[in-house]
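Required output: the full structure, derived from the provided sequences and hints.
Protein sequences, first through last, are from chains A and B. Just so we're aligned, residue 1 is where the first sequence starts under this note's numbering, counting upward by one. Just so we're aligned, residue 1 is where the second sequence starts under this note's numbering, counting upward by one.
Keep in mind that the hints were calculated from the coordinates and are not lab data. Ideal Cβ positions, reconstructed from N, Cα and C, are used throughout, including at glycine. What you were told as hints is all true, and nothing was included just to trick you.
Covered by chain B, according to a simulated footprint, are these stretches of chain A (three or more residues, beta-carbon under 8 Å):
| id | segment |
| --- | --- |
| 1 | 213 to 219 |
| 2 | 223 to 236 |
| 3 | 423 to 429 |
| 4 | 453 to 460 |
| 5 | 613 to 622 |
| 6 | 629 to 638 |
Straight-line alpha carbon distances no greater than 27 Å define the calculated DSS-like cross-link-like pairs of lysine-lysine that follow:
| id | chain 1 | residue 1 | chain 2 | residue 2 |
| --- | --- | --- | --- | --- |
| 7 | A | Lys616 | B | Lys616 |
| 8 | B | Lys294 | A | Lys348 |
| 9 | A | Lys169 | A | Lys266 |
| 10 | B | Lys348 | A | Lys294 |
Number of protein chains: 2
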Amino acid sequence: MAAAVAQQSEQDGVVADHHAYAGILRTMATTTTVTTETILDEVAEIAAQLRVDSIRASTSAGSGHPTSSMSAADLLAVLIARHLRYDWGDPGLPDNDRLVFSKGHASPLLYAVFKAAGVVTDEELVAGYRRFDQRLQGHPTPALPWVDVATGSLGQGLPAGVGIALAGKYLEQRPYRVWVLCGDSEMAEGSMWEALDKASYYKLSNLIALVDVNRLGQRGETELGWDVDRYARRAEAFGARTLTIDGHDLTQIDRALASAEQPDAKDRPTVIFARTVKGRGFGEIEDSPDWHGKPFPPDMADRAIAGLGGVRHRVLQGLRPEPTRRASRGTAPPAATRPRPTYSLGQKVATRKAYGDALTALGARDQRVVALDGEVNNSTYAEEFARDHPNRYFEMFIAEQQMVAAATGLAARGYRPFVSTFAAFLTRAYDFIRMASVSGVDLAMSGSHAGVEIGADGPSQMGLEDLAMFRAVHGSTVLYPSDATSTAALVDAMGTTTGISYLRTTRGAYPVLYAEDESFPIGGAKVLREDDQDQVTLVGAGITLYACLEAADRLAQGGIHARVLDCYSIKPIDINALVAAVTATAGRIVVAEDHHPEGGLGSAVAEALVSVGAPKLHLTHLAVRGMPGSGSTDEQLAWAGIDADHIVAAARALVDH
Amino acid sequence: MAAAVAQQSEQDGVVADHHAYAGILRTMATTTTVTTETILDEVAEIAAQLRVDSIRASTSAGSGHPTSSMSAADLLAVLIARHLRYDWGDPGLPDNDRLVFSKGHASPLLYAVFKAAGVVTDEELVAGYRRFDQRLQGHPTPALPWVDVATGSLGQGLPAGVGIALAGKYLEQRPYRVWVLCGDSEMAEGSMWEALDKASYYKLSNLIALVDVNRLGQRGETELGWDVDRYARRAEAFGARTLTIDGHDLTQIDRALASAEQPDAKDRPTVIFARTVKGRGFGEIEDSPDWHGKPFPPDMADRAIAGLGGVRHRVLQGLRPEPTRRASRGTAPPAATRPRPTYSLGQKVATRKAYGDALTALGARDQRVVALDGEVNNSTYAEEFARDHPNRYFEMFIAEQQMVAAATGLAARGYRPFVSTFAAFLTRAYDFIRMASVSGVDLAMSGSHAGVEIGADGPSQMGLEDLAMFRAVHGSTVLYPSDATSTAALVDAMGTTTGISYLRTTRGAYPVLYAEDESFPIGGAKVLREDDQDQVTLVGAGITLYACLEAADRLAQGGIHARVLDCYSIKPIDINALVAAVTATAGRIVVAEDHHPEGGLGSAVAEALVSVGAPKLHLTHLAVRGMPGSGSTDEQLAWAGIDADHIVAAARALVDH
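Here you go:
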């Protein structure tokens, strides 16, 4: 019999572990009196309800994606009724399975699931969806307690799911599974393949992706259409266990999910490619390319709902699997007392080295700290953390998108990820950084090798847009220390900073400027040269601070008094220190930065001074205004016009004017 | 005999079309007197020279990647001596094959190739490499006439190569092949798989990737190590023809390249995975993880060079294949006279619609214009271009990185690509946009659905960082028109704009403000309300301009005269118009923008006014300072504080102060 079923299923294109499934059915038969058929009848009712509610919510809102919800309704009905181990009343339960909607536009379906789970009322679903100041947003965000990460930028839910699965397997060591509903269109995003690559590399058998292959994207057919076998070959080549099913056959779905729940002998992640029909359940528009992202007008909605058997208000009960409840793993080992690293004044230390030192020490004190790097940890010095805390270090190889997404997933599980690569290469992950901010996670990032300072490698390796990029992220903190002492202090601060924080570090080693007991509050600045005859303010951060100091010394020799500010905190910036300085220096100010002129330190200074109605300013902004090539650090800084010579000249011009 | 060779080769793991290779050898035998063995002996000499020169250049510079060059030296020697059809004296020859170093850090090898080709002197190679103001930069850029696109950010050369191959196959219809040398580490970037996916979708049999599988990344072993078969399974699943070879066996390489040159029956791209040894040719450091990116000290370099047979100065001759030279395809068809679309004053038209209209008309007049979109062309209205100019439209599905990279490749071939997707999703491609700027190409991009104006879809779909992102790109032009007339004019202007240009468009339809004969120079602004009693300046762009106009009308009713500026050109910005306005309004200015507060219009205005020493400013900057949710457009604009109510209040506060 089992053999016959298997044979039949294989003819249907089902590749599933039927023995495992049979075992589950046996267990169920001995513990309940219901038959599988009865159960699936009930699941079919749930599926119809999910479709009806997806239609009602989107029609009521006047926007949304009912058809993309309807294609996946059967998958979700079987999942939530029979496989998702989740205590809906306690979303914070550590052993709950996780559910990520990588196809975030299917939010009506997700919210219909929440209604079926009994945690969102029918009224909220219909009247709250996509409304102002409501939590059932157009795309899911963690404003909802059952949502871990924000989605809606396609190709990000699965990568974030990899981060959650890493936490579950390696850090929490809990038995929860991470179920991710993916769209077929988003399989065109390289990030999905980065995710499968890393899921396979890290043997994330706790990760199960359901791909809703409804053939249609926003504007027509996808590249691979309904060719689930081609998808499966790709996923298999990337190291996944794959299954292909009819996504509207509840029995096939149930078997596939049961099979996916069984540990894979090779510890592979599982990807189920389900052939589905967009708009399934409403014949008028099934498989139509013209109904992407459109709510049905009320008359169509009425017809569709009637055809689906009308409105229901079923709540899952009895069917729902319970999460495995494991005892707490006890308290974490007492934190080590490893102090922040210290450096001697004048000692030459690269800030990237101080980043590695401080992060490693912070990791000893705070077990929640984890580190990820993009295959350059011997450049960013994340290798020190990897050496001392190998269990909390995740090498992400050259996959910056996946690196940030994994960090987002880890942060969603309560960890404090620190992500590092060259500043230039964090641009690769900007969409993921932006979405991490929407997710509301606390995420620290470090970009090394900033600016033309790096010298001979040339513009491809120079971060010259990173400050602008990070400043524009909502709620971000942007830091650019010059020396090792301030770097170490700021790394510590990032360990408790809310939201996205960014630390820019420098390639070369420069003298330590600050004593170890100096404090560096976020939002502060340091005044390094000051007297009551100051005529001009010089503002630097990172590498340019040294040029400002040298310039001040040379100006002093010429009788010009210059105040020097270290704006190590670029966002928030120390407005008071800036106002005090320009007030003292008759509005004369030179800002020098190793960044393109837009959106960086100079912008931050100008915006801050203008915002408080500062007096008339005489501001000279020195920045990298050309396209650099190769050369030595000194040649580059001189060419860009951000070295001491240029600062001296700019200051003189302001004072002489 | 052929069968025996094939069998032997298969045992060696060579999967190649030996019949094709045998055919080539036969042709050669009948036209020359040299034997293959003699030829390959000469190629071995070239390979040794490439290694020696890679060592010499990097040791002389004191930086660079000799070991990553040495692993690929045999591949390149065979390629340039026997397969690359290139007239080195005429790099502009349209029929030349193209050579892209996706592993841009192997620049010593590339420059050694240029020496062997006779176009770079030994002196330049050794004394110019990585030096200031020299063209042999740390990573290749089109400062060199034989380089099409800049590389150095890994995972970008192959995607750009796809763009070149698209041009060759579909636009130029020329027989050149695109050879791309890839590293194995960069296969971890999702963008490489986006590239293979699109190469296969578009049947780019003219694209041949050579992957230098030397097993070692910057900090240790890659994910897949030397498992070329696993790489090949992945590439094959993505639709490529694959071959796996020993990358140091000249005969195997030669056969594989010959095979790759033969058209594939399925028109697939070809990927050759070559197992190689990092540092090959210098036993002391072969396959060592400790020699990434480090030049050899002079004593080691001397030993290595001696072991490789010393310095040579061979120049390829006799061996080198010639490009197919086809007659010019004649002159392009006379340009149509299709004029820019026009709109009636007051007519409600979305600027994204005007983008589609104007681009389609521009495409009729300029045959070099091509369009690419990321599966949202019915939202961006690029679908109009696709409908009228299907041969010049490339659907890139949801793969924004590949979209921008393909556009870079197309631009490198002389086309004028226009790229479109939601503004939010262009963040996905920031690293590619940055590198397009390093490549020096002219590339136009349009981001639709900008800001909270989109309403219910929520923050994942809202471009709120795009202005900051594009402004920070070197040499960029950033435009944000409010109405259809100005949009159409600016799209035309983008057709001849140098460098990266960006046009931000809005979802909703708003009234046309300008008559069709109005001109909109880049760097200009429009004064829409003005009299000699102006008390406050209101600056808007895009959606906020309408709020400024409404605010001005309401202020006028209350007796306050407001000047209104349309800053449709955000970079460059019209400093003169801004200075004139704030001078006339006693420094009082309100800037409203649908963007996060950092790096956008407000920054541009503040920076501009400060840069020219404007008088004391009283500037109120209204921007999106929170994290939006869903809601109607009006609710969103009110919540963000950028609607007419808030502008009125801000203006009153400034005037009353």
